[in-house]
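J.: Residues per chain, in single letters:
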Amino acid sequence: MSSYRLKVREEMYRRIHAHGAETYPHECCGALLGRDGEGGREVVDLMPLANQRNDSPRNRFEITPEDFRLAEKTAREKKLELIGWYHSHPDHPARPSEFDREHAWPWYSYIIVSVQKGEAKDTTSWRLHDDRAAYFPEEIETVG
Amino acid sequence: MAVKVMIPTPLRAYAGKQESVEVQAATVGEALSALTAQHSDLKKHLFSDEGKLRSFVNVYVNDEDIRYLQKDQTAVKAGDTISIVPSIAGGANRARI
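Those protein sequence lines, which keep their order, are chains A and B.
Sequence positions in the first sequence follow our numbering and run 1 to 144.
Sequence positions in the second sequence follow our numbering and run 1 to 97.
For the record, the hints were derived by calculation from the structure and aren't laboratory data.
Note that this is a predicted model, so its numbers are computed, not measured.
From the three backbone atoms N, C-alpha and C, an ideal C-beta is built for every residue, glycine too.
Hints are not guaranteed to be accurate.
Below are the DSSO-like pairs computed for lysine-lysine, each with C-alpha atoms no more than 30 angstroms apart in a straight line [to be verified]:
id	chain 1	residue 1	chain 2	residue 2
1	B	K17	B	K71
2	B	K17	A	K79
3	A	K73	B	K71
Computed spacing ranges between beta-carbons, pair by pair [as the list claims (entries may be wrong)]:
id	chain 1	residue 1	chain 2	residue 2	range
4	A	E66	B	A2	22 to 32 angstroms
5	A	G39	B	R12	37 to 47 angstroms
6	B	T81	A	E98	31 to 41 angstroms
7	B	A2	A	E139	43 to 53 angstroms
Extracted from the complex, chain A is given alone in its bound form:
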C-alpha cells in the first residue's frame, strides 16, 4: 500500500492541464519545482520544457541533460527543489507505461495527465520502486 502523497497547488494543477491541452496531440513535459521535507512533498511551481522527441512526439517525450541542468538552476534561483516531472499521454490513460518505467529515475514524483481529444482529464502521480520493477501510486492533494 503506497503512502506517498503529493500536494499540488491548484494553479499548478491547472497549468499542467493547460500545457497538455496546448500541445495535444503531442506529449507535453516539464519540471515540478517545490519542497520535500517533514511536511511532505509539495509542487509550488512548474517549468514547462520542450519535448525533444521531434521524431515521435505523440507518444514520447524527452528532456535533455541541458534542460535538466536548466531546471536545476531555475529551482535553485527560486530557492526550491527539483522534485519531479510531468508529462501528458494524448488519448491514453494517465498510467505509467512500460517505456515510462524503463526510463524513470527513483525519488522523483512523476505526474501524468491524460489528454483526451484535446481536453485534460485524469491526472495521477507515481514514484518508481527502489528495484525499478514497478511504481508506487502517489496520491495527489490539490491545495491553495
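Given the coordinates of chain A, assemble chain B onto it according to the supplied hints.
T.: Same frame as chain A, now just chain B:
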C-alpha cells in the same frame, strides 16, 4: 587518481545520502565501477542488465559529455569531477504515427 563523482538528487539515497563520492580511478569506467562497488544499490539505476550505461544516464568529465570523448575509456586525472546528469524520458506505450 582520486576523482569526485557527483551524485544526482534521485540517486543520493543509494549513496549514503551524499552529494558526491570520491573514488580512485584512471578512467570513467573504473570510476563508475568503483562507485557501484562502494554503493551497490546504485548499479541498477545506472546500468542495464547487460552492464551498459542506461541511455538516459549522461556522464560528464568536467562538463564534457563522455559520448564525445572516449566514453567509458575516457581518462580522468586527480581532481577531475565526474557528473551524472539525468535525461528525463517516457511516454505512452501505444505506437503513434
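J.: I'd like to know which numbered hints this structure contradicts. Please list them from smallest to largest.
T.: Of the numbered hints, just 5 does not hold.
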